[in-house]
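Produce the entire structure from the sequences given, and follow the hints as far as they go.
Residue strings, one per chain:
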Amino acid sequence: EDKVVQSPLSLVVHEGDTVTLNCSYEVTNFRSLLWYKQEKKAPTFLFMLTSSGIEKKSGRLSSILDKKELFSILNITATQTGDSAIYLCAVGSNYGGSQGNLIFGKGTKLSVKP
Amino acid sequence: DAGVIQSPRHEVTEMGQEVTLRCKPISGHNSLFWYRQTMMRGLELLIYFNNNVPIDDSGMPEDRFSAKMPNASFSTLKIQPSEPRDSAVYFCASSLGRRYQAFFGQGTRLTVV
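Keeping their order, the protein sequence lines are chains A and B. Be aware that the first sequence starts at 1, since it is given in the numbering used here, and climbs by one per residue. Be aware that the second sequence starts at 115, since it is given in the numbering used here, and climbs by one per residue.
None of these hints come from the bench; they were simulated from the model. Heads up, a few of these hints could be off.
Said to hold, decoys possible - Here are some of the chain A residues that sit facing chain B, going by a computed Cβ distance under 7 Å:
no.	residue
1	Lys-41
2	Ala-42
3	Asn-101
Said to hold, decoys possible - Facing chain B, from chain A, some residues (calculated, C-beta under 8 Å):
no.	residue
4	Lys-3
5	Val-5
6	Leu-9
7	Pro-43
8	Phe-45
9	Leu-88
10	Phe-104
To be verified - Quick list of the computed label-pair ranges, beta carbon to beta carbon:
no.	chain 1	residue 1	chain 2	residue 2	range
11	A	Glu-1	B	Val-227	27 to 35 Å
12	A	Ser-111	B	Thr-134	19 to 27 Å
13	A	Lys-113	B	Thr-225	25 to 33 Å
The C-beta atom is built at its ideal place from N, Cα and C for all residues, glycine as well.
This is how it looks when you write it as structure tokens:
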């Protein structure tokens, strides 16, 4: 059965700290791995990773994929209270040759204290 | 673009009633997904459509759930009859072709009492 496992489930840090969120997966016909940030409402897209070893960066956030070891990490440096959210990892797969779908992990709840 | 639009935003209904959730995907997107999110199970895919055709409905909990996509700009998720365990936030998302950057609607928070 396809699965995506995120760790830790929750994390509390102080502003300025650096955090690393983990995502491991077991998916047949892997296509891509995506990170989303979910605050109060809908998940919003952060990164899509398809190749191993290539870091994606956006400001203080960065992510990298290891397709051999089947995991990805999301790093946030110099955290701010606005980074408080649930971070979701999702893996896109091909299914029967069609467009595929996303399999989500349960998320990591990050709380950044002032 | 207004993004993925879902309605209603909140729904409170009594057990046994029929519930219909609605979704308007982003114009031009040809894949549409219905997800359910709960604290216990996280985000679960219920069903997804490609070019208005249901491709995978293995996530639909049981026969009480049904989904339709009569055209490229509209989809419904129906629960009949509803049960308290159906209480959750239901998200609709759409994506363009083989790009898996799915864009999510704001969700419908369903409470069945």
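Against the structure, the hints:
no. : hint                              : result
1   : Lys-41                            : holds, 5 Å
2   : Ala-42                            : holds, 4 Å
3   : Asn-101                           : holds, 5 Å
4   : Lys-3                             : violated, 11 Å
5   : Val-5                             : violated, 11 Å
6   : Leu-9                             : violated, 10 Å
7   : Pro-43                            : holds, 5 Å
8   : Phe-45                            : holds, 5 Å
9   : Leu-88                            : holds, 7 Å
10  : Phe-104                           : holds, 4 Å
11  : A:Glu-1 - B:Val-227: 27 to 35 Å   : holds, 33 Å
12  : A:Ser-111 - B:Thr-134: 19 to 27 Å : violated, 36 Å
13  : A:Lys-113 - B:Thr-225: 25 to 33 Å : holds, 31 Å
Violated hints for the displayed structure, listed by number in ascending order: 4, 5, 6 and 12.
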